[in-house]
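Engineer: Residues per chain, in single letters:
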Amino acid sequence: MNWKTIKYNRYLYPALYILIIVLFIAIPYITAPYTIILLSSIFMYISLTLSWTLFSGPTGYTSLATAAFFGLGLYMAGILGDSVPLIVAVICGGLISFILAFIIGAITLRLRGIYFTIFTFGLVELIKHLMLWWEINIVGVRGRFVPRADNATVFYILLAILAALLLTTYFLKSSRYGMALSSIGSNEEAAIHIGINVVNLKIITFASSAFFIGLTGTIMATRWSYIDPYIAFDPFYSFLPPLMAIFGGLGNLFGPLLGAAVFSYLQETLITRFPYSYMLIFGLIMVITILYLPNGLIGLYQTIRQRFIGGKHADTSS
Amino acid sequence: MQILQVEGLTKNFGGLAAVSEVDFHVEEGEILGLIGPNGAGKTTTFNLIAGTYEPNSGKILFNGENLAGKKPNVICQKGLARTFQNVKVFPDMDVFQNVLLGAFFGTPEKKSRSQAKSEVEEILDFIGLSDRTDMVAGSMTLVNQKRVEVARALATKPKLLLLDELMAGLNPTEVGESMELVKRIQKKGITVIMIEHVMKAIMNICKRIIVLHHGQKIAEGTPEEISTSKTVIEVYLGE
Ligand SMILES: Nc1ncnc2c1ncn2[C@@H]1O[C@H](COP(=O)(O)OP(=O)(O)O)[C@@H](O)[C@H]1O
Ligand SMILES: [Mg+2]
Chain A
-5 MNWKTIKYNR YLYPALYILI IVLFIAIPYI TAPYTIILLS SIFMYISLTL SWTLFSGPTG
55 YTSLATAAFF GLGLYMAGIL GDSVPLIVAV ICGGLISFIL AFIIGAITLR LRGIYFTIFT
115 FGLVELIKHL MLWWEINIVG VRGRFVPRAD NATVFYILLA ILAALLLTTY FLKSSRYGMA
175 LSSIGSNEEA AIHIGINVVN LKIITFASSA FFIGLTGTIM ATRWSYIDPY IAFDPFYSFL
235 PPLMAIFGGL GNLFGPLLGA AVFSYLQETL ITRFPYSYML IFGLIMVITI LYLPNGLIGL
295 YQTIRQRFIG GKHADTSS
Chain B
22 MQILQVEGLT KNFGGLAAVS EVDFHVEEGE ILGLIGPNGA GKTTTFNLIA GTYEPNSGKI
82 LFNGENLAGK KPNVICQKGL ARTFQNVKVF PDMDVFQNVL LGAFFGTPEK KSRSQAKSEV
142 EEILDFIGLS DRTDMVAGSM TLVNQKRVEV ARALATKPKL LLLDELMAGL NPTEVGESME
202 LVKRIQKKGI TVIMIEHVMK AIMNICKRII VLHHGQKIAE GTPEEISTSK TVIEVYLGE
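If you read the protein sequences in the order shown, they are chains A and B. Just so you know, the working numbering puts 290 at position 296 of the first sequence, and the rest follows in order with no gaps. Just so you know, the working numbering puts 211 at position 190 of the second sequence, and the rest follows in order with no gaps.
No wet-lab data here; the hints were simulated from the structure. In this text, all values refer to a predicted model and were calculated from it rather than measured experimentally. Yeah, the Cβ is synthetic: ideal placement off N, Cα and C, and Gly gets one too.
Cross-link-like lysine to any residue pairs, in silico, SDA-like; alpha carbons within 25 Å at most: (1) B:K99 to A:R104; (2) B:K92 to A:G172; (3) B:K138 to A:T162; (4) B:K92 to A:I108.
Quick look at which bits of chain A chain B covers, simulated, 3 or more residues with Cβ under 8 Å: (5) 166 to 174; (6) 180 to 192.
Use the sequences and the hints to build the structure in full.
Structural biologist: The following block contains the structure:
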């Protein structure tokens, strides 16, 4: 990342976002219901991927807890049902995930690398089995129904979540705290020795990322109508965000966004056309990406651009 | 006035006493040398003072306040900065960003972006990197990465600076420049402790030297006293 491009992007990106958001607001008025549903699904994947990238991108701490926070969000919708307005339920889903992530972060973000990753994955299983135990022994029924919401409402709430997430990511990236997060990924020991409170910064960012995942879970529950712990805490949702982010390229904001958009569009279309082999096709795409596009789609684009523009600094003297 | 007093400092790694019962003090404004054979416990001593590790026992009084058990970020904000023996710049950030992070987070008060930036420009000018501010730190030569690290440490506004083998791996010209740099840092009013193997440098710029061996302090004195001490020659200089 270069200092000058950041200054330049400061004006360009927000203008672009506003334009795109206005376009999206118009969509339910001009398209078929199927398009709205498809777009909602794509928004969900983008939201999960950007939430994951918010924390794991700069710090390099690979979280596999997405399914846990997503599932909590889903359950929040099931538990609150019709008792509160939908938007209140969505915010509750975000908050419960934030609180859990805060506690988990405080316990585990002293761990490094692979231990953190394994712990976060264990968390998904742990919560799944706690929910099963709770439903079987206390509630007496497994699974629950979620009241449905109409397509346009779901679409707008997802759009709002996505806009908030993009703004958060953008302001974080251009702030001193965003730089500090990257420095943790670069060299955590150096970061802590220049006065950065790395533990607090990691915990708060991890919890914020979980907040957005929880919001997304609660609103998506209204599309699924029935959830049980196996559906809600599906490890698939832990693996997808890092895959999509890597597919798009982790280096800049648009990588994960693009990765999630392309990947989820492929998924939604492949799953209907090749219901049995689509996971295989996914696997192939991932293998090819990792082998030949180490910086993802965005990296590919940058390599091509560099060919034409060129120019690199070299440290020639001392 | 003594800016730092270390008393009975001890650190064990398993059965190994990396630092044991070490006592010394640092006078405000001086450049103190810390020497000793490889594995003597010099870097570990820095790690204990800067908060990387918690000592098993002992006191580290910085301006009278005990630092033992405090976190590195807290210690840094109290005015105690360090560099690393194996250079630890943020390799994918440019020089300016590396130093800017020090300016943003190294002091307890929150400063504006423009203030932080002007501080960084001043420091880069002082260190001689003004013409390389947007170079990616990881692509630089060793001596320049070391300068970035010193600049980043200076940006945290230290009163005491710990330099771990600043001269190691540099050619004679670069060693000379680095010696000048350390003297200029002292002139700014910053107290320095430097670990060094380059004898010419340490004998030249330190008025007082401490020798560690197997985790223990075996000698302390002026460069003349150290270079003529029988014990020091036996374990270190005569190697
Ligand atoms: N984190 C660590 N874990 C275990 N042993 C260590 C650690 N750090 C240093 N040591 C050991 O402590 C001793 C002193 O090391 P160090 O302080 O790096 O020596 P010096 O800097 O004087 O060369 C060495 O034997 C080293 O192997
Ligand atoms: Mg050492």
